[in-house]
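K.L.:
Start from the sequences, fold in the hints, and give me the full structure.
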Amino acid sequence: MGLTLTEKILSHAVGRTVNPGEIIVTEVDLVYAHDGTAPLAIQVLSNELRFIKVFDPGKVVFVIDHAAPSPSINVSKVHKLMRDFSYSFRVKLYDVGNGICHQLIPEEGLVKPGMIIVGADSHTVTLGAFAAFAIGVGSTDAAIAIAYGKIWLKIPEIVKIAIEGNLPRGVYSKDIILYMLKTIKSDGMTYKSVEFHGKTLQKLSMDARMTLTNMCTEIGAKAALIPVDAVTKQWFEERGIYNIKELRPDTNAEYSDELLFDISNLEPQIALPPNVDNVKSISEVEGLEIDQVFIGSCTNGRYEDLLVVAKILNKHKVNPRVRCIIIPASRNIYLKALRHDIIEKLLQAGCVIGPPTCGPCIGAHMGLLAEDEIAISTSNRNFIGRMGHKRSKVYLASPATAAASAIEGKITDPRKYIS
Amino acid sequence: MIIRGRCWRLGNNISTDHIISGKYKFSTISSLDQMLPHVFEEIIPNFYKQVRYGDIIVAGRNFGMGSSREHAPRLLKMIGISAILAKSFARIFFRNAINIGLPVITVNKIPDITEQWDIIEINLLKGIVINLNKSVEERIQPYPKIILKILAEGGIINYIKRYGNLPWGENIG
Numbered sequence: 001m002g003l004t005l006t007e008k009i010l011s012h013a014v015g016r017t018v019n020p021g022e023i024i025v026t027e028v029d030l031v032y033a034h035d036g037t038a039p040l041a042i043q044v045l046s047n048e049l050r051f052i053k054v055f056d057p058g059k060v061v062f063v064i065d066h067a068a069p070s071p072s073i074n075v076s077k078v079h080k081l082m083r084d085f086s087y088s089f090r091v092k093l094y095d096v097g098n099g100i101c102h103q104l105i106p107e108e109g110l111v112k113p114g115m116i117i118v119g120a121d122s123h124t125v126t127l128g129a130f131a132a133f134a135i136g137v138g139s140t141d142a143a144i145a146i147a148y149g150k151i152w153l154k155i156p157e158i159v160k161i162a163i164e165g166n167l168p169r170g171v172y173s174k175d176i177i178l179y180m181l182k183t184i185k186s187d188g189m190t191y192k193s194v195e196f197h198g199k200t201l202q203k204l205s206m207d208a209r210m211t212l213t214n215m216c217t218e219i220g221a222k223a224a225l226i227p228v229d230a231v232t233k234q235w236f237e238e239r240g241i242y243n244i245k246e247l248r249p250d251t252n253a254e255y256s257d258e259l260l261f262d263i264s265n266l267e268p269q270i271a272l273p274p275n276v277d278n279v280k281s282i283s284e285v286e287g288l289e290i291d292q293v294f295i296g297s298c299t300n301g302r303y304e305d306l307l308v309v310a311k312i313l314n315k316h317k318v319n320p321r322v323r324c325i326i327i328p329a330s331r332n333i334y335l336k337a338l339r340h341d342i343i344e345k346l347l348q349a350g351c352v353i354g355p356p357t358c359g360p361c362i363g364a365h366m367g368l369l370a371e372d373e374i375a376i377s378t379s380n381r382n383f384i385g386r387m388g389h390k391r392s393k394v395y396l397a398s399p400a401t402a403a404a405s406a407i408e409g410k411i412t413d414p415r416k417y418i419s
Numbered sequence: 420m421i422i423r424g425r426c427w428r429l430g431n432n433i434s435t436d437h438i439i440s441g442k443y444k445f446s447t448i449s450s451l452d453q454m455l456p457h458v459f460e461e462i463i464p465n466f467y468k469q470v471r472y473g474d475i476i477v478a479g480r481n482f483g484m485g486s487s488r489e490h491a492p493r494l495l496k497m498i499g500i501s502a503i504l505a506k507s508f509a510r511i512f513f514r515n516a517i518n519i520g521l522p523v524i525t526v527n528k529i530p531d532i533t534e535q536w537d538i539i540e541i542n543l544l545k546g547i548v549i550n551l552n553k554s555v556e557e558r559i560q561p562y563p564k565i566i567l568k569i570l571a572e573g574g575i576i577n578y579i580k581r582y583g584n585l586p587w588g589e590n591i592g
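Chains as they are written, first to last, in our numbering: chain D, 1 to 419; chain E, 420 to 592.
When the alpha-carbon atoms are kept at most 27 Å apart in a straight line, the in silico DSS-like pairs for lysine-lysine are as follows:
1) Lys-77(D) <-> Lys-496(E)
2) Lys-53(D) <-> Lys-568(E)
3) Lys-580(E) <-> Lys-53(D)
4) Lys-203(D) <-> Lys-233(D)
5) Lys-345(D) <-> Lys-410(D)
6) Lys-390(D) <-> Lys-468(E)
7) Lys-564(E) <-> Lys-154(D)
8) Lys-410(D) <-> Lys-317(D)
9) Lys-580(E) <-> Lys-150(D)
10) Lys-311(D) <-> Lys-410(D)
Derived from the structure by calculation, the hints contain no laboratory data.
P.N.:
Shown next, in the form of structure tokens:
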């Protein structure tokens with residue numbers, strides 16, 4: 001019997017073939033945490049474990065990205081805590097303005113296929129797009145991994161998800177994952193490792209793939225992996241990284257379940273508050289008036305996203321009743337967008353451009369909503385009060401849908417703005 | 420280990436955002452104590468004032484979904500919650516809760532018959548949960564021995580300090 005991608009990575013790590021259900025202790029290749037989780041991890045090390053040690057400073061990364069730059073003295077205190085710790089223990093710190101961890105870490109060349117990565121953030125699954133086994137954990141698990149370089153894991157069941165069909169015009173990987181949420185629901189893949197397959201993948205860039213794997217935490221998945229192919233190799237080669245492991249599952253690998261999604265006739269999708277799996281086709285929600293548009297986050301703040309938005313907003317203006325907040329997910333993306341005149345187009349259309357931060361997605365800063373306000377957002381969660389007042393509402397959609405909605409001041413099908 | 424307490428009956432898909440909203444977490448991030456008054460603020464008004472030491476949460480499917488924020492289980496433990504029973508748990512929340520020594524137990528029947536304020540008794544060693552008001556008993560899958568040890572120590576950090584190794588791992592010196 002052949003092995004899945006997950007089984008290959010974890011078997012290689014422990015030096016024998018592992019089986020779903022068994023518990024292993026494995027070394028980790030990278031640990032990271034941000035200003036929402038690192039402060040608690042530092043407290044666990046200093047106040048609880050009372051054994052402050054970093055197993056390998058080259059394999060531990062802190063990123064100040066959730067509320068960056070700091071909006072309050074309380075946040076400034078924990079940023080300072082992270083800086084002091086990084087300085088003392090020579091841990092690499094990416095300070096404010098560098099970008100959102102899940103975007104920045106691949107950009108920095110810190111992710112390679114086959115790595116075992118532990119991130120103190122649920123969206124760590126994003127890095128599975130690079131065929132890494134990347135899982136989200138809490139601050140205590142992160143603290144243990146920082147100190148000892150190890151984590152205990154239960155080998156998950158592995159589910160194959162095949163995506164077939166050509167992406168219709170105006171439909172993006174965000175729409176695919178929202179559509180999956182609609183059928184799989186928010187707990188459908190709990191404890192499972194998801195592996196993507198199918199011909200559609202060949203046409204999805206790394207930017208688009210990262211959106212797909214990013215939101216697999218919303219279906220409950222422990223990890224979400226995409227096999228290495230020509231697209232992956234090209235992404236690494238463009239960054240001067242050659243000879244990456246060509247990690248793919250065996251053709252006779254066995255999965256606990258196999259799902260197939262044909263996206264040939266998919267419409268733009270939208271998740272209605274207050275649940276990520278409350279997903280409808282755009283035609284069912286069109287026309288609803290909005291107050292704010294947020295385009296950014298680890299889900300959809302990438303270069304391709306900004307490019308799509310700029311194309312739609314070209315020669316249009318943001319509706320004067322609406323704020324359109326755009327936050328590139330990293331400094332690199334910001335710079336690239338600047339060089340390609342995208343930032344200028346967005347500003348001319350009336351958008352506000354923020355520095356790289358998670359910001360409004362988690363209600364930390366940069367555009368919180370007032371009572372009864374409605375936002376359309378390219379981020380990943382729409383729970384009660386997620387982006388502001390408990391009576392505000394968040395609709396989740398693709399950057400294209402968000403941009404078209406910004407023009408009209410109401411939820412809008414993007415296809416009318418795409419030729 | 421016997422846990423007895425009155426119950427808060429909650430529904431499906433309770434997220435870590437519901438437990439501690441991101442906006443409150445970040446406005447008070449330097450201190451867990453400052454976060455406490457905001458626990459469940461947006462879905463259970465006055466939870467902070469009404470909760471009593473030893474209370475138990477009984478919920479439906481997918482408890483703890485969403486963010487990895489460990490503040491969520493920590494705050495529930497700090498505020499007095501002694502155990503959480505649910506039809507299923509989100510993966511990261513489950514791990515975080517065990518890591519900090521908060522019992523999280525998967526049950527099937529109990530949530531269906533339990534009402535707010537019923538008294539629940541949990542015997543972790545025997546693997547039994549009883550709703551004393553309704554006289555309904557449910558057998559649960561007992562925890563693996565190592566998980567029981569982690570809970571007995573009050574969390575994984577104390578476990579490491581006591582035994583000198585990671586759970587399931589060899590000595591880490």
